[in-house]
Amino acid sequence: MTEKVIVKVGMAELKAASGEGQLLRTVGLGSCVGIALYDRFAKVAGLAHIMLPSSDIARDNPLNKAKYADTAIPELLARMQEIGAVMPRIVAKLAGGAQMFSSVPESSTLRIGQRNVDACKAGLLRYNIPISAEDTGGNYGRTIELDSSTGILFIRSVQFGAKEL
Amino acid sequence: MNEWERIGENQLDLLREIGNIGAGHAATAMSKLLNKPVNMEVPQVRLVPFDQIAEQVGGPEAVVAAIFLRIEGQVSGNMFLLMSVQAAKELVKSIFPLEPSSSGDLYFSDIEISALSEVGNILAGSYLSSLSDFMQASLSPTVPGFAVDMAGAILAYGLIPFDETDALLIETSFLDGMERIESHMFLLPDPDSFARIFTLLGVPAQ
Chain A
1 MTEKVIVKVG MAELKAASGE GQLLRTVGLG SCVGIALYDR FAKVAGLAHI
51 MLPSSDIARD NPLNKAKYAD TAIPELLARM QEIGAVMPRI VAKLAGGAQM
101 FSSVPESSTL RIGQRNVDAC KAGLLRYNIP ISAEDTGGNY GRTIELDSST
151 GILFIRSVQF GAKEL
Chain B
1001 MNEWERIGEN QLDLLREIGN IGAGHAATAM SKLLNKPVNM EVPQVRLVPF
1051 DQIAEQVGGP EAVVAAIFLR IEGQVSGNMF LLMSVQAAKE LVKSIFPLEP
1101 SSSGDLYFSD IEISALSEVG NILAGSYLSS LSDFMQASLS PTVPGFAVDM
1151 AGAILAYGLI PFDETDALLI ETSFLDGMER IESHMFLLPD PDSFARIFTL
1201 LGVPAQ
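These protein sequence lines map, in sequence, to chains A and B. Note that my numbering has the first sequence beginning at 1, numbered continuously upward. Note that my numbering has the second sequence beginning at 1001, numbered continuously upward.
Hints are not guaranteed to be accurate.
Stated by the list, open to error - Here's a subset of chain A near chain B, in silico, CB distances under 8 Å, partners left out:
(1) G28
(2) M100
(3) T143
Stated by the list, open to error - Here are the simulated distance ranges between beta carbons:
(4) A:I152 x B:S1140: 46 to 52 Å
(5) A:S55 x B:Q1052: 23 to 29 Å
(6) B:E1118 x A:M87: 32 to 38 Å
(7) B:E1182 x A:F160: 25 to 31 Å
(8) A:M87 x B:G1058: 39 to 45 Å
(9) A:F41 x B:A1195: 52 to 58 Å
(10) B:L1106 x A:F41: 24 to 30 Å
Because the hints were derived from the structure by calculation, they are not lab data. Note that beta-carbon positions come from the ideal geometry of N, C-alpha and C, so glycine has one too.
Kindly produce the complete structure, drawing on both the sequences and the hints.
Spelled out as structure tokens, the structure:
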């Protein structure tokens, strides 16, 4: 077995990779959501680490598409298609969207985890991409790795250890 | 544009002085809590870029104990107090010297969480009250929240309202007898509040 190459996806970044042996990794997802997309026939994987549900309130100029659920999904799909993915074969897995501090008032804009998850689902539905698995919510952080050879999403958390989707 | 780029040494010096006074208040309050003399060291105040905040505490995956307070009032923002899990355990031990420490490396009992939250209140509150005195404006921190988790997952919370920006890092360490307990305090004013802080302090940003 060949050594896997780790491709780091930072906060508010997105990356696509094709072929065997690549692990797309993003660390420390709290209220942020990791959108993992995979075409298992072309072996093309894509991972986005979004922070906010919608780019409507974006102040950044130029816009960082990877930061918002609504803009990250089409951008990631485009990147994956450039390297061989075919739309109807792409499936999604979601992880993250936690509520890290229960002390934050219900009304606060900081209660963003669930809104992020909802926005990701709405965005995926718009492109008819099925969600095959998700590990969202809770009150803990997650580190995730998407394997380009298999589409398996590895999830690690401090309290609950490792699991696979 | 990056707001912090307009902040010069003058502004930072004033924040350091405010930090010194805050540390004085904190030492007094901590001595009462621990029932023994506590020395606060002069805090270091500096600006840390958005993507390097987690690096200050060992990287986004490093497990830290965190206390989070939301600040409301004329100036609003988020405040974090981060320390290593080991430092948090030592702190708990000095607050409850006779209690056996709770089992598990990452587990904190309710009473320990409550004590650590109080320490967060004291440290953050001391700095905030010093800041609010200088600004002659009211600042009210919310009830603190506590978490032990990956630094990246915790800090992303405070970064949500931001585009690429810097945070104000106040490094505090205190000496409890011979033990030195280090903690990092991050103040992230909301974007709208940013300029207001310096205007109220009488040193408007350029």
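Of all the hints given earlier, name the ones this structure violates by number, lowest first. Of the numbered hints given earlier, those the structure breaks are 6, 10, listed in rising order.
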